[in-house]
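Enquirer: Chains E and U, in that order, give the protein sequences. Per the working numbering, the first sequence starts with residue 21, numbered consecutively. Per the working numbering, the second sequence starts with residue 161, numbered consecutively.
Keep in mind that a hint or two might mislead.
Claimed, not checked - Simulated coverage check for chain U against chain E, where a stretch passes if three residues somewhere in it have a Cβ under 8 Å from a Cβ of chain E:
(1) 164–176
(2) 327–340
(3) 351–359
(4) 392–400
Just so you know, these hints were derived from the structure itself, not from any lab. In this text, a Cβ means the ideal position worked out from N, Cα and C, and glycines have one as well.
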Amino acid sequence: MPLSTVSVTCLYLATGSYMWSFVSFTLRRERMTEICFFGGFLFHTISQISRGCFIGIFTPNAIFEGVFFLPWCLAFLTICLRFIKNKTHLIYSAVIPILLFLLVALLYPKGIVPPSPQVQTVFSPLFFVFEVLAHACFCLAAWFSICYLYHRKDAAFFDSFVIWGFILYSIAQVVGAIWCYLGWASLFNWSERHLQSASIWCFYAAYIHLRFLSSFDMKKKAWFSLAAFALVLFFSYLSHFREMNMPRLGG
Amino acid sequence: MLQRIWKFCGSVNVTFYLLLLVSFNLAIASFYVKFYPQIFRPLNNFLLQDWFNLYGQNNPDKIWWLWTMFGLLLALGFNTGICTLDRIRNLLVKRHNVDMRVFLLKITPSLIHMCFLIMLSGHLISMISGFNKRIPVSSELETPSPIQAQILDQHCDYFKSPELLKGHLDQCTLSFKLHTGGEEVVKQLSFLNPFTYQGFSFHLSRDKKAREEGLQIIIKRDPGLKFILFGFTFLVLLMLWYFPKLQKNTKGG
Chain E
21 MPLSTVSVTC LYLATGSYMW SFVSFTLRRE RMTEICFFGG FLFHTISQIS
71 RGCFIGIFTP NAIFEGVFFL PWCLAFLTIC LRFIKNKTHL IYSAVIPILL
121 FLLVALLYPK GIVPPSPQVQ TVFSPLFFVF EVLAHACFCL AAWFSICYLY
171 HRKDAAFFDS FVIWGFILYS IAQVVGAIWC YLGWASLFNW SERHLQSASI
221 WCFYAAYIHL RFLSSFDMKK KAWFSLAAFA LVLFFSYLSH FREMNMPRLG
271 G
Chain U
161 MLQRIWKFCG SVNVTFYLLL LVSFNLAIAS FYVKFYPQIF RPLNNFLLQD
211 WFNLYGQNNP DKIWWLWTMF GLLLALGFNT GICTLDRIRN LLVKRHNVDM
261 RVFLLKITPS LIHMCFLIML SGHLISMISG FNKRIPVSSE LETPSPIQAQ
311 ILDQHCDYFK SPELLKGHLD QCTLSFKLHT GGEEVVKQLS FLNPFTYQGF
361 SFHLSRDKKA REEGLQIIIK RDPGLKFILF GFTFLVLLML WYFPKLQKNT
411 KGG
C-alpha cells in the first residue's frame, strides 16, 4: 500500500476513533472515552509520520503543516493534561475542538507543497513545531475558558495554557527569525504574516500582564483568552485556506 | 505631581492598554501591507528614511499607521523602562531582607523587560542604519564600496528523484571572487548559507515572480541584528525559567 494511502486512511480512522470517543464522552463512559481517544491519537500519529515520507523523501514540513498537525498537538496536550490532572470528564471535553479541526483537515487537500530551497533547514520545521504547539495551547486555553465561563470553576487552569502557549510562541518567533535571516537576510519582514504574528504576540503579552491588574478577575481573563484565540484563528489558521490552491504533490 | 506622572507613566495599567493598541495597530498594518504591496514591499529593501523619500512621502494616507506604531512603541518603551527602573530600585532597597532565590525570582520580570527594550532598540537600529541592497545575479555586481565582486560560476541543481519531485529546484550555488584593495578571496553562496565579508553579509534569495530561478543577492549590514537576537533569546530563556518557577511557588502556597 502506498504511504499516501496509509496516511489518508489513518487520518480517517483517527477521526472515527475520536468520534467514538466523543459519543462515549456524551454517554459519560469514561473508560471507553479514554480508550477511543488513545486509539485516535495512535492512528493520527501514524498518519502524520507517513505524511512526512509519502512523496518519496522525508519532508518534515509536511508532518508539521498546520491544518494536520494542529489537531495532533491538541490531542497530545490533552493526553499530557490527563497525566497531570484527574478531571477526566472536563479534560476529554477537548475531543470537541479536536474533532472540529480534524474535520477541516479531512476536507483539506492532502498533497504536499513541494519543498523549496529556502525551507531546507532545520529551523523551518522547528518553527512550525513551536508555532503549531503554541496555537494548540491557545486553542485549549480558549476551550477551557468556555468551560470556565460555563460554570466549571475547576477549568481555571486555562491560564497555564495561555502562559505556555505564549512561551512556545515566543520560541517560534526566535527560531522563525533565524530562519528568516538565513533565507531572506532579515530577522523581520514587512509582510502580512510577520505583522500578524507580532500582533498576536502583543495581544498575548497584554494577557500576561493581566495578573497584575486587580480589576481583571478570572472571568474577564477567560473572555480575553477567547478573544485572543479568535485573533489566532483569523490571522494564522485562516491563512491555511489561502494555501489550498498551491500546487501540491501526491495525496 | 511629578511623582504621580512618573508613577502613571510606569504603571502596568498603561502597559496593558499600550500592548493592546500596538496589537491592533499591527493588525491594521498587516492589511495595508497586504493591499498595497507596491508601497510596502520595498520597505524590506531600503532603510526607513530612504524608503520614506522614495515611497512613503507620496502616500501619506496609506502610511499613517507607521507613525502611530512608532508613537505607540516609543510610549511602550518609555513605560517599560520606567516600570523596570522603579521595580529594580525597590527590589534593591529590600535586597538584604529577602532570600537570594526569592530576589532572583522577583527581579526576573524586570530582566525580561530589559531584554524586550534591547530587542525593540535592535529593530529601530536595523530600520534606520546599516546597508541593505538586493541585486539580481549578473556578471557585473553592484557591491558596496570598496568591495568589488565578480561571479565565477553559477549552477542550480534540480531534484532527479523521487519521481514526484523531478524537475523541482533543489539548490543553487554561486562562486564569487571578492576583492577589496589588495585582498582577494573566493566565496561560495547558496540558499540558506550566507557568508560574511568585511562586515557585510551576503545572502542568496530569489524573486518568486521571475520565470526561471530569479536569483538575487542580498547584501546587508545590520547593526541591530545582534541586539534583536540577544534580546529575544534571553527574553525567552528567562520566561522559561520564570513562569514554571512562579507556578510551582503558587501551587506550593
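Enquirer: Against this structure, judge whether each hint is valid.
Expert: Hints, one by one, checked against the model:
1. 164–176: holds (count 4)
2. 327–340: With 5 residues close enough to chain E, the hint holds.
3. 351–359: holds (count 4)
4. 392–400: holds (count 6)
The structure is consistent with each of the numbered hints, conforming to all of them.
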